[in-house]
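**Student:** The lines below spell out each chain.
2 protein chains.
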Amino acid sequence: MQKLYGGIEAGGTKFVCMVASSPEAVIEETRFPTTTPAETIQKAADFFRSTVQRGELKAIGIGSFGPVDLDPRSPTYGFITTTPKPGWAFADLCGGIHRELGVPIAFDTDVNAAAFGEHFWIEKNHGLDPFLYMTVGTGIGMGGLVNGKTLHGLIHPEAGHMFIPHDREADPFPGMCPYHGDCLEGLASGPALARRWGQPAETLADEHPAWDLEAEYLASALANLVLAFSPQRIVLGGGVPQHPGLLDLIRMKVRRHLNGYVKSDLVEKRIEELILAPALGSRAGVLGAIAMAVESNKEQ
Amino acid sequence: MQKLYGGIEAGGTKFVCMVASSPEAVIEETRFPTTTPAETIQKAADFFRSTVQRGELKAIGIGSFGPVDLDPRSPTYGFITTTPKPGWAFADLCGGIHRELGVPIAFDTDVNAAAFGEHFWIEKNHGLDPFLYMTVGTGIGMGGLVNGKTLHGLIHPEAGHMFIPHDREADPFPGMCPYHGDCLEGLASGPALARRWGQPAETLADEHPAWDLEAEYLASALANLVLAFSPQRIVLGGGVPQHPGLLDLIRMKVRRHLNGYVKSDLVEKRIEELILAPALGSRAGVLGAIAMAVESNKEQ
Chain U
7 MQKLYGGIEA GGTKFVCMVA SSPEAVIEET RFPTTTPAET IQKAADFFRS TVQRGELKAI
67 GIGSFGPVDL DPRSPTYGFI TTTPKPGWAF ADLCGGIHRE LGVPIAFDTD VNAAAFGEHF
127 WIEKNHGLDP FLYMTVGTGI GMGGLVNGKT LHGLIHPEAG HMFIPHDREA DPFPGMCPYH
187 GDCLEGLASG PALARRWGQP AETLADEHPA WDLEAEYLAS ALANLVLAFS PQRIVLGGGV
247 PQHPGLLDLI RMKVRRHLNG YVKSDLVEKR IEELILAPAL GSRAGVLGAI AMAVESNKEQ
Chain B
7 MQKLYGGIEA GGTKFVCMVA SSPEAVIEET RFPTTTPAET IQKAADFFRS TVQRGELKAI
67 GIGSFGPVDL DPRSPTYGFI TTTPKPGWAF ADLCGGIHRE LGVPIAFDTD VNAAAFGEHF
127 WIEKNHGLDP FLYMTVGTGI GMGGLVNGKT LHGLIHPEAG HMFIPHDREA DPFPGMCPYH
187 GDCLEGLASG PALARRWGQP AETLADEHPA WDLEAEYLAS ALANLVLAFS PQRIVLGGGV
247 PQHPGLLDLI RMKVRRHLNG YVKSDLVEKR IEELILAPAL GSRAGVLGAI AMAVESNKEQ
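If you read the protein sequences in the order shown, they are chains U and B.
Whatever position you read off the first sequence (first residue = 1), add 6 for our numbering.
Whatever position you read off the second sequence (first residue = 1), add 6 for our numbering.
Certain hints may be false.
Heads up, the list lumps identical chains together, so a pair's fine if it works in one copy or across two of them.
Stated by the list, open to error - The calculated lysine-lysine pairs, modelled on DSS-like cross-linking and capped at a C-alpha distance of 30 Å, are:
| id | residue 1 | residue 2 |
| --- | --- | --- |
| 1 | K304 | K275 |
| 2 | K155 | K269 |
| 3 | K91 | K269 |
| 4 | K130 | K275 |
| 5 | K130 | K269 |
| 6 | K20 | K269 |
| 7 | K91 | K259 |
| 8 | K91 | K49 |
| 9 | K275 | K259 |
| 10 | K259 | K64 |
| 11 | K9 | K91 |
For the record, the hints were derived by calculation from the structure and aren't laboratory data.
Please model the complete structure; the sequences and the hints are all you need to start from.
**Tutor:** Structure representation (structure tokens):
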């Protein structure tokens with residue numbers, strides 16, 4: 007029987023579930039709105055059960071919205087923890103899926119899953135490390151692999167909330183992060199763009215000054231990631247960086263910010279190989295979850 | 007014969023060399039000014055040879071000023087690379103020591119060595135990870151361990167040059183980093199303190215407003231490191247953070263910056279266990295180099 011793997015991209019608004027053996031061999035895929043934990047877990051489990059005749063489901067990977075508990079020694083391992091999302095605070099997502107389906111579960115953040123997916127399916131054995139993933143959309147999230155494994159630690163990275171230069175004369179918008187005001191997410195998320203300019207980000211014309219400012223903030227943050235991690239790759243996902251021309255503008259500004267200090271051809275001559283869009287596109291998260299399942303099955 | 011290990015903290019102004027089997031069993035220690043590569047390497051080699059009767063030198067660890075080449079597959083592995091220091095650009099430090107003494111050499115940056123030393127000798131098997139080390143003195147450097155190994159990658163971390171908020175109305179000092187102006191190092195290194203206030207940092211009185219501003223900048227940078235790495239420990243070394251009261255002020259401001267977003271007791275209740283001074287003091291670098299030698303000998 008064919009070996010199959012399950013992937014769940016557990017988002018605050020929707021769940022994406024997939025059964026596949028690789029990105030080229032997707033057996034089944036579904037998406038549904040995130041309602042209560044019980045109902046949503048049930049729906050996911052029903053989906054995986056419906057594919058039972060297609061092969062043997064070996065493991066499921068879950069990339070989840072957070073914050074999540076990633077410490078295997080913790081009594082709340084696999085839980086979504088202090089989220090403000092009604093009903094989901096301390097929901098046992100990992101345990102819930104495991105109890106329904108009885109297969110091994112690999113669990114991580116949504117952005118670590120996306121990083122893992124790009125690293126696993128696209129980079130294969132090129133060994134690019136550190137390998138980071140930043141997503142810019144409704145929020146700004148970051149994950150990645152360092153020394154071969156995803157970044158965990160105290161909780162998990164939250165570099166979307168980094169503090170960056172903000173010239174209030176040039177940009178009087180105070181930021182809209184409920185915790186930090188003008189942190190990166192407060193200044194540069196999709197909703198921050200919409201609030202600052204009074205129109206949805208996707209309706210801002212190419213020549214609108216919004217994009218130069220957006221590139222400036224994202225370039226400050228990416229320059230900081232280059233300085234902090236010395237990464238060999240940063241994948242920049244999410245809806246906002248897809249705006250035509252923005253990625254090139256960001257690259258140019260990252261190089262200008264670093265100003266010759268990081269002496270690497272990858273910064274100075276080939277920055278399009280250092281900072282790039284996800285090859286897996288909007289499926290990086292769920293295909294990353296599949297990759298986590300494949301990898302966890304190898305380890306056993 | 008007793009197993010001995012060598013350590014070199016290779017700085018731009020001085021070299022510290024040590025022979026020891028542990029921090030409690032230091033056999034011999036010396037320090038001398040950094041002159042030309044040939045002369046300096048010779049002096050270090052003579053020192054290690056002079057201890058030959060005290061035991062068997064199994065390996066030498068080197069923690070070096072940078073930038074250095076840490077890629078074992080590179081033809082310039084173990085070299086100091088693009089330093090402006092006269093005579094030292096592309097000096098083969100690792101190879102020079104190896105050719106003189108014929109023992110295995112472990113090589114890393116000075117700050118990675120200091121991180122490794124604190125992690126190895128002080129934390130032992132507590133498994134705190136990521137484990138970061140930031141030093142604030144003439145420059146600002148950062149190193150650390152993530153997933154059990156020191157941070158390498160594109161080159162090595164340079165988080166001392168991170169871009170942080172700078173309110174030019176409150177602090178009109180433009181910064182003094184030759185590459186970035188008002189990056190962290192440009193605003194908060196020892197020389198930046200001296201230039202901004204017109205007197206050496208160590209002569210600034212406790213109640214001088216310099217310290218609150220200094221704490222503000224370092225807290226922005228440390229908050230960014232907490233957000234980016236989710237570390238379980240950050241050791242804050244170098245001369246500047248030793249100013250009485252500064253470390254507590256920094257801790258308070260890091261917590262205030264994060265503002266409840268990172269929900270961990272280590273941030274909210276026990277931040278003195280998250281951010282602390284090096285237990286090995288100013289010997290963290292050279293004792294870290296010794297630890298690297300011990301570890302490399304284990305691996306063989």
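**Student:** Would you mind marking each hint as holding or not holding in the structure?
**Tutor:** Against the structure, the hints come out as follows:
1. K304 <-> K275: Neither: 38 Å inside a chain and 40 Å across chains, both beyond 30 Å.
2. K155 <-> K269: For K155 and K269, the Cα distance is within 30 Å both inside one copy (26 Å) and across copies (23 Å).
3. K91 <-> K269: Classified as between: cross-chain Cα gap 16 Å, same-chain 44 Å, threshold 30 Å.
4. K130 <-> K275: within (24 Å within a copy, 42 Å between copies)
5. K130 <-> K269: within (26 Å within a copy, 35 Å between copies)
6. K20 <-> K269: Answer is between: at 24 Å across copies they meet the 30 Å cutoff, but 42 Å inside does not.
7. K91 <-> K259: between (36 Å within a copy, 28 Å between copies)
8. K91 <-> K49: within (19 Å within a copy, 64 Å between copies)
9. K275 <-> K259: Within one copy only: 13 Å inside, 39 Å across.
10. K259 <-> K64: neither (45 Å within a copy, 48 Å between copies)
11. K9 <-> K91: neither (35 Å within a copy, 58 Å between copies)
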